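Colleague: Protein chains in written order, with our numbering: chain C, 2 to 496; chain G, 2 to 496.
The hints are simulated quantities; they were obtained by calculation from the structure and are not laboratory data. Check the hints yourself; a few may be wrong.
[Said to hold, decoys possible] In silico DSS-like cross-links for lysine-lysine, where the CA-CA straight-line distance does not exceed 30 Å:
(1) K471(G) to K344(C)
(2) K5(G) to K64(G)
(3) K458(C) to K5(G)
(4) K237(C) to K471(G)
[Said to hold, decoys possible] Here are a few chain C residues that face chain G, going by a calculated C-beta distance under 10 Å:
(5) E98
(6) N442
(7) K487
These figures come from a predicted structure and were not determined experimentally. Don't be surprised by glycine CBs; every beta carbon is placed ideally from N, CA and C.
There are 2 protein chains.
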Amino acid sequence: MVEKLRIYNSLTKKKEVFEPLEPPFVGMYVCGPTVYSDVHLGNMRTFMSFDVVYRYLQYLGYKVRYVRNITDVGHLENDEDEGEDKISKKARLEHLEPMEIVQKYTNGFHDLTKIFNMLSPDIEPSATGHIVEQIEMTQALLNKGLAYETNGSVYFDVAKYNKDHNYGKLSGRNIEDMMESGRALTSQDEKHNNIDFALWKSASPEHIMRWNSPWGVGFPGWHLECSVMGTKYLGKTFDIHGGGLDLQFPHHECEIAQSVGTYGNDPVRYWMHTNMLTMNGQKMSKSLGNSFLPSELFTGNHPLLDEPYSPMTAKFFMLQSHYSSTLDFSNEALKASRKGYKKMINGLRLVKQMEFVEDGTERGEAVVGQIEKIIKACHSSMNDDFNTALTIGQLFNLLKKINSLHTGQLGFSAIGKEVFEKMKSTYIDFVENILALKEENPSDYKEMVEAMVAIYKEAKFRKDFERVDKIRAGLKANGIIVKDMKSGIEWAYEE
Amino acid sequence: MVEKLRIYNSLTKKKEVFEPLEPPFVGMYVCGPTVYSDVHLGNMRTFMSFDVVYRYLQYLGYKVRYVRNITDVGHLENDEDEGEDKISKKARLEHLEPMEIVQKYTNGFHDLTKIFNMLSPDIEPSATGHIVEQIEMTQALLNKGLAYETNGSVYFDVAKYNKDHNYGKLSGRNIEDMMESGRALTSQDEKHNNIDFALWKSASPEHIMRWNSPWGVGFPGWHLECSVMGTKYLGKTFDIHGGGLDLQFPHHECEIAQSVGTYGNDPVRYWMHTNMLTMNGQKMSKSLGNSFLPSELFTGNHPLLDEPYSPMTAKFFMLQSHYSSTLDFSNEALKASRKGYKKMINGLRLVKQMEFVEDGTERGEAVVGQIEKIIKACHSSMNDDFNTALTIGQLFNLLKKINSLHTGQLGFSAIGKEVFEKMKSTYIDFVENILALKEENPSDYKEMVEAMVAIYKEAKFRKDFERVDKIRAGLKANGIIVKDMKSGIEWAYEE
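With the sequences and hints as input, model every part of the structure.
Modeller: As structure tokens, this is what we get:
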């Protein structure tokens, strides 16, 4: 019997058995990208990790509603309550309407999710799509006395909240420490306390993104959107909330405070956080020049990269570590992952073609026991907080047995039809549907056509007409005709 | 000198020279899909037509802001003010949250736009994303006395509006006729007049999509979103508004009334409408069973279709008629379009490879004159209200000259480098960037690999080792290795 799914809960700092609120339904919310620039690789690792979580929960039979938002307003430059709105700033720099910026980078993000073979979430709501609800939650917090208005902006009163609740419980921070270490307030400040955060910001006249509200023209604070959209689509309490570790504080801490303040209960049962990327052991960051975009990885067009690495190589590489570990990029590791990915995908092609045949070999209880143990381990490693790293190792163990069957070293009858089918479906399910790796075209089909035409030319030169006819027929079956022109041999699409 | 771009304006019923309000900027709004089911072929024809408009305006040097919305609330079943909200109804039937319906069919629509090689609009706003603005426009119309509230719903007062303005000017209808022909009102009715339309609808307790408003809980009327989003992103007056002919009344007529009522001016300078589809001469409709989805066209999986037709064949077929004509589908016409598409795309491959070489042929003023005339005609046919049908004919004329050059019937020096380059760039620009046709993979690359492996096997059987080595090297260059197994010859990705 395979043990139950356990999830490391960042809130309790423990691995816990996963028990959804209303099985078989599972509600999962993941903080999506702020669409003011190309999504970076660390973000993609987060979304890819939760794509695997989404797929595995469905594999286990849960009916999952997966909500991943698009942040298209409210995220300020310094991730706190100061500086310009990230999207408004980019719009100003590029002389575009903010929603053009949003469209451009949302499209780019969606393209990447397809390239990485990820599923769409069930709902992908945006912050600007929920202004009414954000105004209402702000009003509710004002009504409860947990927020105050200054100059048309509304702030959450953290100290007051903390009297009855624990602000800092997710990130393990202490409110006194935070108050001491924060910037000292001046008489210019609108906040009562440096740890208070904005629910609604008054818009200066030049701020492009603006809506009317009971407090004047403004825009919502960054943290508010996720509380509003999580509640709207998943309820006041839901099962899983995920995001990058960099969002744990202040973003997720503030989400908890907003929901507890408004509804009186904790919004999330299991908090999950993905870890950061490093390059050759050093934290990736734009300022160090050691971070790269997915597109740079795919083209190899970056000083730190020896060569291009394909999307599936990059995906395999990321899945080879557990989502909660830091992940170190290096050319050596990527090259090793390419080998690993190709090996795994060759296994997939192979196992899909294999059919059980009685070959009269003798039943081998030992090998049957080994295979069943590996199959069980595939499940138990995923059940161990979605440990894709361990799962990949187990799949390679399974592949060894598959290869033995293929080469005839191991007989089909020795393991029997039932075990064979279980082995086959486990390998296919885990590789194709859970890790979601897929075959990549090794080259443009046109290169293949050119290669065949080259063979055709040579055969023609040698007057090997039997072969000439065969190649011509083979190409024609693929919709391509070979033309003997005065100027030489050409190919074209059959008209 | 090529004549100026002229557009048939549905409002004035005339072809007019296109003069944008603030050149070089052009604002264009197109009514997007209501995402409660798979987008049908007629919709796709509309969006494809405006994709060509968008591309051609950019080709002419305009800086276009193209807005195409997503209708995700407010569109009622009977396209008027009665019946259930289309998305809410589907959500109820499928036991899903309405925004899950929205996500599913928006994804499907986006996939189709990629399959048809269409550009993304610059902004793709949604109705639910603009609730605040819709409430505000409703309030403005109430303030002007052009709307009234009944039982928490707000209706536009058409008769009152018509005293100073002309309701019906776009669709060519007369208000008295409309009032007479409409359903007689009963004492149960909330409307003062049968031609009034909803700006805001009160939500019954079981209605899932609902927002607070000054008039109670409800949702916006269908026509309002386009007025709001057009104004927000393109201004109170903008250049082009497009959509299917079925939207002309009431949807676009109501848009005009809302904007004129609120801002006192006509919102749109050029109204453009695409025409309907027929099948074998009969109007396509679900009830007649003679309509099909794009996916059915691509798979051939429909009783009226002989075989599958590829996306580019379908696109070429649609572009072969003018957007304002009805378009008749038939197997014969689709087969002819496949031939035409392949011919055009073979021309594209050919001309891209051609380079000018001085071949010493004598300058032929007559042929130069012919070519220049065709090039001019490519432009003037597009300038004639985006007549893609005529343009395709001219491109085939140009292709004849290109083919003559290729076969040597026409000498390069006879036309000179300058004319050659103009001919080449015109053909490429029009086919690839304006009509936006692209090469389609004639087959899966794997079939090509299999074909090459078959030749390899045969060569090996004949012990033709020189060829065996060549094929092996050719495949390896494409990342594929051939393996000689006991059980036969296999291929795999190089690990």
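Colleague: Checking against the hints above, which ones are violated?
Modeller: 3 and 4
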